[in-house]
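Produce the complete structure using the sequences and hints provided.
As given, the protein sequences belong to chains A and B, one line each in that order.
Straight run, no breaks: the first sequence in the numbering used here ends on number 122.
Straight run, no breaks: the second sequence in the numbering used here ends on number 171.
Hints in this document: simulated from the structure, not taken from any laboratory.
Errors might be hidden in some of the hints.
[What the hints assert, rightly or not] Straight line, CA to CA, 30 Å or less: simulated DSS-like cross-link-like pairs of lysine-lysine:
1. LYS166(B) x LYS123(B)
2. LYS126(B) x LYS166(B)
3. LYS163(B) x LYS66(A)
4. LYS92(B) x LYS123(B)
5. LYS66(A) x LYS92(B)
6. LYS112(B) x LYS124(B)
7. LYS112(B) x LYS123(B)
8. LYS66(A) x LYS123(B)
9. LYS66(A) x LYS166(B)
10. LYS92(B) x LYS126(B)
11. LYS166(B) x LYS124(B)
12. LYS92(B) x LYS166(B)
13. LYS163(B) x LYS92(B)
14. LYS126(B) x LYS66(A)
15. LYS92(B) x LYS124(B)
16. LYS22(A) x LYS163(B)
17. LYS126(B) x LYS163(B)
18. LYS66(A) x LYS22(A)
19. LYS112(B) x LYS163(B)
20. LYS92(B) x LYS22(A)
21. LYS163(B) x LYS124(B)
[As the list claims (entries may be wrong)] Covered by chain A, per the in silico footprint, the following chain B stretches (three or more residues, Cβ under 8 Å):
22. 100–108
23. 160–167
[Unchecked claim] Facing chain A, a subset of chain B residues (Cβ under 8 Å, in silico):
24. PRO95
25. ALA141
26. PHE144
27. SER156
In this text, all values refer to a predicted model and were calculated from it rather than measured experimentally.
Note that CB positions come from ideal geometry on N, CA and C, so glycine has one too.
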Amino acid sequence: KAGVTQTPRYLIKTRGQQVTLSCSPISGHRSVSWYQQTPGQGLQFLFEYFSETQRNKGNFPGRFSGRQFSNSRSEMNVSTLELGDSALYLCASSLGLVGNEQFFGPGTRLTVL
Amino acid sequence: GEDVEQSLFLSVREGDSSVINCTYTDSSSTYLYWYKQEPGAGLQLLTYIFSNMDMKQDQRLTVLLNKKDKHLSLRIADTQTGDSAIYFCAESGFNSGAGSYQLTFGKGTKLSVIP
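In structure tokens, the structure reads:
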């Protein structure tokens, strides 16, 4: 079974631009969660999608948004990029059941110049 | 809010045992996890323990849970240079507002194995 895939793996943008990151979950998984990882803040939860609906949201500004498609693939978008948005963005998929395991993708490394 | 604390660094000699400790605050946690992250990679689930268990062993890995003290530890026996990585503790707590479980991670413990 293929793992979680994220595209692109690396991205360089400039301040003010917007970016879209993509995540394909493990086949059969209906829940996709997104995390931002930075050296200073560690792993911070962005949001979770389940069956095309946002089920949970972390404490991030409205510039961060996401969506999930009927095939469970998910995208996250960051508008009006700031230098502080430079981070590793990780996607995790799970069956979406209570207490189940999350499997992580390799991440997208975003650098904002 | 919920918080997970870990020490940031641990250094051990190859062949010794490593013990990585973690404390958490959410008493409603159902599962507690240990993830491993190697440079340039995502997180790899190592093992997890259900909150009503005290101990779980999986080959070289032993997880101990003290639910009363909200303390979790990961012991790696016969530590190898390939075990050098960052280890994250995470707890799965119920977010009543969202009606779903959410993982909260510690900041990670960087394990360095000295040959």
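Each hint tested on the structure:
1. Note on LYS166(B) and LYS123(B): the hinted pairing holds, with a Cα-Cα distance of about 24 Å set against a maximum of 30 Å.
2. Note on LYS126(B) and LYS166(B): the hinted pairing holds, with a Cα-Cα distance of about 21 Å set against a maximum of 30 Å.
3. Restraint check: the Cα-Cα separation between LYS163(B) and LYS66(A) comes to about 20 Å, which is no more than 30 Å; the hinted pair holds.
4. This hinted pair checks out: LYS92(B) and LYS123(B) have alpha carbons roughly 22 Å apart, not beyond 30 Å.
5. Only pairs whose Cα atoms come within 30 Å are accepted, and LYS66(A) paired with LYS92(B) is accepted, the gap being roughly 24 Å.
6. A C-alpha spacing of about 17 Å is found between LYS112(B) and LYS124(B), which places the hinted pair at or below 30 Å, so the restraint holds.
7. Restraint check for LYS112(B) and LYS123(B): the C-alpha separation of about 14 Å stays at or below 30 Å, so the hint holds.
8. A hinted pair counts as satisfied when its Cα atoms are at most 30 Å apart, and LYS66(A) with LYS123(B) qualifies at roughly 27 Å.
9. Of the supplied pair hints, the one linking LYS66(A) and LYS166(B) holds, its CA atoms being roughly 28 Å apart against a limit of 30 Å.
10. The suggested pairing of LYS92(B) with LYS126(B) holds, with an alpha-carbon distance near 21 Å, which does not exceed 30 Å.
11. Between LYS166(B) and LYS124(B), the direct Cα distance comes to roughly 26 Å. Compliance with the 30 Å bound is thereby established for this hinted pair.
12. Using a Cα cut-off of 30 Å, the hinted pair LYS92(B) and LYS166(B) holds, with the two alpha carbons roughly 10 Å apart.
13. Distance check on the hinted pair: LYS163(B) and LYS92(B) sit about 12 Å apart at the alpha-carbon level, within 30 Å; holds.
14. For the hint pairing LYS126(B) with LYS66(A), the CA-to-CA distance comes to about 25 Å; that is within 30 Å, so the pair holds.
15. Our distance criterion of 30 Å between C-alpha atoms is met by LYS92(B) and LYS124(B), whose separation comes to about 26 Å.
16. This hinted pair checks out: LYS22(A) and LYS163(B) have alpha carbons roughly 26 Å apart, not beyond 30 Å.
17. A hinted pair counts as satisfied when its Cα atoms are at most 30 Å apart, and LYS126(B) with LYS163(B) qualifies at roughly 17 Å.
18. At most 30 Å may separate the alpha-carbon atoms for a hinted pair to count; LYS66(A) and LYS22(A) meet this at roughly 25 Å.
19. Of the supplied pair hints, the one linking LYS112(B) and LYS163(B) holds, its CA atoms being roughly 23 Å apart against a limit of 30 Å.
20. About 29 Å separates the Cα atoms of LYS92(B) and LYS22(A), which keeps this hinted pair within 30 Å; it holds.
21. Only pairs whose Cα atoms come within 30 Å are accepted, and LYS163(B) paired with LYS124(B) is accepted, the gap being roughly 22 Å.
22. Counting residues of the stretch 100–108 of chain B whose beta carbon lies closer than 8 Å to any beta carbon of chain A gives 4, which reaches the threshold of three, so the coverage claim holds.
23. Counting residues of the stretch 160–167 of chain B whose CB lies closer than 8 Å to any CB of chain A gives 5, so the stated coverage by that chain holds, three being the minimum.
24. With a cut of 8 Å, the hint placing PRO95(B) at the interface with chain A is violated, because the nearest CB-to-CB distance is about 11 Å.
25. Because the closest C-beta pair between ALA141(B) and chain A is about 14 Å apart, greater than 8 Å, the hint is violated.
26. Using the Cβ-Cβ criterion of 8 Å, the hint placing PHE144(B) at the interface with chain A is satisfied: the shortest such distance is roughly 7 Å.
27. Hint status for SER156(B) relative to chain A: holds, with the closest Cβ pair at about 5 Å, below 8 Å.
Of the numbered hints listed earlier, those contradicted by the structure are 24, 25.
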